[in-house]
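Dock chains V, H and Y against the given chain U, drawing on the hints supplied.
So the sequences go chain by chain: U, V, H and Y.
In terms of our numbering, the first sequence has 215 at position 215, counting the first letter as 1, and numbering is strictly consecutive.
Whatever position you read off the second sequence (first residue = 1), add 1000 for our numbering.
Whatever position you read off the third sequence (first residue = 1), add 2000 for our numbering.
Whatever position you read off the fourth sequence (first residue = 1), add 3000 for our numbering.
Please keep in mind that the hints were generated in silico from the structure rather than gathered at the bench.
Treat each hint with caution, since some may be false.
[Stated by the list, open to error] EDC-like cross-link-like pairs, simulated, lysine to aspartate or glutamate; straight-line CA separation at most 16 Å: (1) V:1186 with U:245; (2) U:186 with V:1088; (3) V:1159 with U:245; (4) V:1240 with H:2113; (5) V:1159 with U:264.
[Claimed, not checked] Which residues of chain U face chain Y? A few of them, derived with a C-beta cut under 8 Å, are: (6) 187; (7) 234; (8) 352; (9) 384; (10) 388; (11) 402.
[Claimed, not checked] Chain U stretches covered by chain Y per the calculated footprint, using a threshold of three residues with CB under 8 Å from any CB of chain Y: (12) 128–140; (13) 218–232; (14) 238–244.
As the structure is a computational prediction, the values presented were derived from the model and not from experiment.
Yeah, the Cβ is synthetic: ideal placement off N, Cα and C, and Gly gets one too.
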Amino acid sequence: MTRKTLSTAVLIALASQGVMSAAHAETLRWARAGDSLTLDPHSQNEGPTHTLAHQIYEPLLQRDMAGQVIPALATEWGPTDDPTVWRFKLREGVTFHGGEEFNADDVVFSLERAMMPTSAMKELLSSVESVTKVDDFTIDITTTGPNPLMPNNLTNLFMMDSGWTVDNDSAEPQDIANGGDNFAAKNANGTGAYTLVSRVVDERTVLQANDNYWGKGSFPLEVTEIVYTPIQSAATRVAALLSGEVDFIQDVPVQDLARVDETDSLKVVKAAQNRTIFFGMNSGADDIESDDVDGANPFADVRVREAMNMAINREAIQRVVMRGQSEPTGVIMPPFVNGWTEEFDAYPAADMAAAKALMADAGYGDGFSVVLNCPNDRYINDEAICQAAVGMWAQIGVTVNLDAKPKAQHFPLIQNKTTDFYMLGWGVPTFDSEYIFNFLVHSTTDDRGSWNNTGYSNADVDAMIVSLASETDLDARNATIQSIWETVQAETIYLPIHNQILNWGMKDNISFDVQPEDQPHFKFLTYAN
Amino acid sequence: MFAYIIRRLFQGALVLAIVGFIAFCMFRFIGDPYENILGQDATVQDRLALEERLGLNDPIPVQYFKFLGNAVQGEFGVSYRNGIPVAEMIAQRLPATIELAVVSAIFAVVLGVLFGVYTAINRDGFLANFIMTSSLIGVSLPTFLIGILLIWVFAVELKMLPSFGRGETVDVFGWKTGLLTASGLKSLILPSITLGLYQMTLVMRLVRSEMLEVLRTDYIRFARARGLARRAINFGHALKNTLLPVVTIIGIQLGQIIAFAIITETVFQWPGVGLLFINAVNFVDVPIMATYLLLVGTLFVLINLVVDLLYVIIDPRLRLDGTEAR
Amino acid sequence: MTEHTLLEVKDLKVQIPTRRGVLTPVNEVSFTIGRGEIVGVVGESGAGKSITGSAIIGLLDRPARISSGSVTLQGEVISGLNEEQLRRVRGKRIGTVFQDPLTSLDPLMSIGDQLSETAMAHLAISREAAREKALQALIDVGIPAAESRLDAYPHEFSGGMRQRVVIALALIGEPDLIIADEPTTALDVSVQAQVLMLLKRLCRERNTGVMLITHDMGVIAETTDRVVVLYAGRVAEIGNTEQVLTSAKHPYTRGLVGATPNPANMDGDNARLNQIPGSMPGLLALPTGCPFHPRCSEVMPVCKTEQPALTPLGDTTIACHLATEASA
Amino acid sequence: MASSRLARWWQSDVMWSWRRSPVAIVSTLLFFALVAAAVFAPLVAPYTPFDPASLNLMDGFTAPMQSGLGSGNMYWLGTDDQGRDIFSAILYGMRLSLFIGVMAVAFAAFLGISLGLIAGYFGGWIDAIIMRIADIQLTFPSILVAMLIFGVARGLTPPELRDQMAIYVLILSIGLSDWVQFARTVRSSAMVEARKEYVQAARLIGRSPFVILRKHLLPNVMSPVLVIATISLALAIILEATLSFLGVGAPPTKPSLGTLISIGQDFLFAGEWWIILFPSITLLVLALSVNLLGDWLRDVLNPKLR
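Next comes chain U alone, as it looks inside the complex (with noise of 0.2 Å):
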């Protein structure tokens, strides 16, 4: 298996590294915008809650600082004879924080924990018929049918103790939406590199080194003690690293890079962010009522959609907005996803003159206007980039009202449907094609297409999206993906900007690199004397 001795020499590397890092007391204060939801690890499918998960608990698989996958509790896994059973080899001699052993009964419950309907990981394991125990440190994966891609969706499944979770009545997931309060909600018992010390919730979380780590010598461990603090207000946690207050933030405002670069204690690092953001818009209706057009719909133009893609000056949101941390892309994936290629990524130059006679040619030679909804909590600039593009497509003649509200209440519009012009961000947690074409692509229907609010609705495209479930064939299956591409682009459902880049702030003693998915593994931090 060649992903196996990849992973091997990946661990051989990072030993060599543990073991020539002293092991000094140290305490990292580290803080970003929001806290962790819960400590139960199947409860929140969210990046902050993942990443406090991750200090404490472990899953089979994990993502290393550069993404990629490392053995975590499974030594060993690959496919067996029968496509759709994965067999895990499981690593020996690990304990719980309480010590208990961990073993296949423990993992076994784990994911059925995760597959209940209070779960939030459930969807990541839809394709799971059955985990069976073979031995005590052996576990077989049946899928519904054949998933090539199957152990990616197991980085950020956590591993529990079975009987510690039974015995504090704590067998089910938090039911966050029901009121359901648990144990395991307020405590926590996994079997990695940090315990849980002290918890108050949104203020301040207390984690210290794990004595009887299974992981020590193989990773740095140079960090004893973790003070985690949400930090809301992004001037407040950038003061508070500027002031010496916090050693580590994740989510530097983009303005403030510079000034933190340029702080002498304190260094930024930075890498592409699994994650593009992009414009949608309600091209499939007849007639939209947020536009001033009667009885049609310019949408459903795809001149006026070209013309409106190719109206975006993607460099000067870049260079103004972005202050130069974001990639600009003309697809809705960043570059490691399977399925990207420098063709699709490529976009259109600026030009007004172009897109203007576009509109003339699609019959809105005077223009429209219509309202774009747009976030302003929730990706980095974003209320700024609409404003950016707002003033773009001005030019061109297309008026749009600019509505920017919180998240909590700019989703919900896109799930309702009931916003014909919006801003979107999306991550791509499998790293394949398959992930956007489901939520993005598919026309809307019970388990398909919930995030596709443009309309769109190609019965080929569908049926092409279906088939990349039960495709073995990796070829057969990546030209598949291909041709869904080629229709989207020609098609320009989506206005793609750019890729973000992720920004952390900390003390220049720190070496750490980012992670694609913000998912910083402490246990990977060293310090530089």
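Structure of chains V, H and Y alone, referenced to chain U:
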């Protein structure tokens, strides 16, 4: 007297019920919690199922009376965001807000009364005019700007005071206080100045103008004619009479302090109920929002009641019948 | 000044600078009050009575000030004293009774406290002694059940009772002089006489001089020994009360007396009051010469050009050209 | 005739003390200069910051007295993150802030005076109800009122009207939080006036209450109302800025002074100080001049302090 308190409490409860209902109705328009609860991987089916489970399909009055019925029993529901009982979250956050509000109020009232008395007594003095004019700067800048400027100067540039949070806290009979540790006290300085400055200016200006009026009354003139010492006149007679209208305003201002704490807590990441409320607004966490409003409403009703009672204590004219406190 | 003289006001001039010029509400006023003597100061409103009273105890409201002249109390000039020195004069040596008992008392302090506070400010006595004294003061002014009312607040007293309290406050520092500014004007007619009699009795008992400011000739007649008539800030006439009432020399005084209902000057069916025609001029528009001349029934040419000097005429002293003529 | 009336006005007590108060003169001049600049913003401003088509994004973050990279235009006070000329944005933003402030105060004054007159004139249960509502209103802090109204209005208005909606919601919510002061003051004056003979007489000869209220009571309460209105204007401008900070204020495409400041605070640590500094100074000077004016008016118009 007793009947009077009962009547005020009854009125207060009525006010609360109305406030709660208006607030509850209004929240229906703020947004939907679905996306936040379910995450981006959710399907349409998931959403419908959630709607059913949360009871969001019930008519609004039904939802409201459910909420109110539970609230009377001290059951405020559970946060949509992280599943923790609202009562628990509020109880955890309340000490932070109360400490901030009380310290700010003390700052505002003590300095406000002192400056107000000083500027009234020395009406045309240079220092008095200077205080009066510079106090106007305090009310001519929005609170959030003052907070950010304070952080910029004292935390970022001078590195003298913390920019966020409430420092170390100590548990005293279940009440987490920051008043007993050095870092807790240091953390209080900037937020309480930010929060109290505006109110201080208001109190000061109010005390000054009331005091100026009182100083012109016959009984002050008569007190002077009786040959009482200046200090006895200014503090024994004039200030006491000044405080009568001031107490009402201070009561109202205390309510304003709790409301404006939302801004201060946002700027300074102060872990109080105001920050909780703003987070809840962003997250459409209706149980928290509704409970916060009820809490604030209750506080105001109580403050008003206390103010009315204080009135009776200060003003002997109200003691005999005591039925009408105004 | 004789040794019996308690207070001497000499050429007192009070000025108020305003945007329309300097007003002189009190202009070269001179008079004396002897020990145990009750002197009435009478005139229409705006004549400068109250300001004179305020000027004596140094309680002029800014920007009014004494621009010249002097006030001498028991041989000591008190018009130039500083605030602290004046404080020791007020209440201790000069007691004051204001017009409106409703507003003279601090509504938030019990009258017992107000009394003992005043006593302690002036007499070196303990709190208990002060309270004793306060009780005695209340008994002296005839408050019934005084002991039980020490802790009562002003609003619990009727108007007449309140003015008694005010008198008690004025007397508690054992002053030599009382300045009573319209002490009964705000009271019901029925209690006016009682309060006046009380004031008169107490002052006689203690040999306290009284400056009784009023616009009511009836009060003057019943209470005072001597009377000072003010008109437009100047003394018009000073004399024995009886003499002034029966044979006033100044046309203005005659007018005042004639305007007061009095059985003595009512004759049968023609019983009607004499009115002084016109009204007192504003301080900004004082006529030249004698300020009274536009209203005077006996006006002479000289009155329009020259201000008459204060001249003794018989038992009284008047400022009128008639007097000058008579004496010339 | 007109000139003599003007002369009489100039000689009036208020104007007399105005001429003698340097603070009053300076603050009046400042205030009217700012108002004029705001009213004539389209004529004064070199750019049109509310027109998105005129913005050149590449001019963003131009420092004061520098030329933008995109257009080469010169910007006296620099530009913001969208390439908007700060100087022009301040003028237009002040226009918006003043409009919201004046309209909010006018609304509060109208509501407060009407209710205050009615309560004071009629008394009884009408008075009791109105004053009870006022008490409830007082217990509810202005920012919460504004946030709630804003939330509802956002749900109810059609999306294309949201920009205008924000402005009227601000007017409504600031006005609603402010009428109680007017009502209380007017009520107490009205109660005193309503008992006077001329009003009783007017009542007896059968004049309608409306006429009595307007002709007899209203003129008597105007001077305290003027004082409250002035101070409320400053408060309203500040409150508008605060609400913009909380995200319930004027939209960033048409920024008010407060919105400009809250945009600018994001760039304070980044060294782009001009985005926050100039709007803050303008807000400070505007509110300060109104406050000083209000202070002076109160001293002049308050007979108890003269």
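query: Holds or violated: residue 352 of chain U as interface residue toward chain Y, Cβ cutoff 8 Å?
result: violated (11 Å)
- request: Grab the minimum C-beta distance from residue 187 of chain U to chain Y and call the hint holds if it beats 8 Å, violated otherwise.
  value: Check failed: Cβ of residue 187 of chain U comes no nearer than 35 Å to chain Y, outside 8 Å.
Given hint residue 1088 of chain V paired with residue 186 of chain U - CA-CA distance at most 16 Å: holds (13 Å)
task: Take a quick look at whether residue 1240 of chain V and residue 2113 of chain H sit within 16 Å of each other, Cα to Cα.
output: holds (14 Å)
Proximity test - 8 Å, beta-carbon atoms, the stretch 218–232 of chain U to chain Y, at least three hits: violated (count 0)
message: Can you tell me if the stretch 128–140 of chain U counts as covered by chain Y, using C-beta to C-beta distances under 8 Å and a minimum of three residues?
response: The restraint on the stretch 128–140 of chain U is violated, since only 0 of its residues have a Cβ under 8 Å from chain Y and three are required.
- prompt: Holds or violated: residue 1159 of chain V with residue 264 of chain U, Cα cutoff 16 Å?
  reply: holds (15 Å)
query: Does residue 234 of chain U meet its interface restraint, that is, does its C-beta lie within less than 8 Å of any C-beta in chain Y?
result: holds (7 Å)
task: Report holds or violated for the interface hint on residue 384 of chain U, using the least CB-CB distance to chain Y and a cut-off of 8 Å.
output: Hint on residue 384 of chain U: holds, closest Cβ of chain Y at ~6 Å, below 8 Å.
Interface restraint verdict for residue 402 of chain U against chain Y (beta-carbon cut-off 8 Å): holds (5 Å)
query: How about the stretch 238–244 of chain U: do at least three of its residues have a C-beta closer than 8 Å to a C-beta of chain Y?
result: holds (count 3)
query: Does residue 1186 of chain V pair with residue 245 of chain U here, judged by a C-alpha cut-off of 16 Å?
result: holds (13 Å)
Violation of the numbered hints given earlier is confined to hints 6, 8, 12 and 13; the remaining hints are satisfied by the structure.
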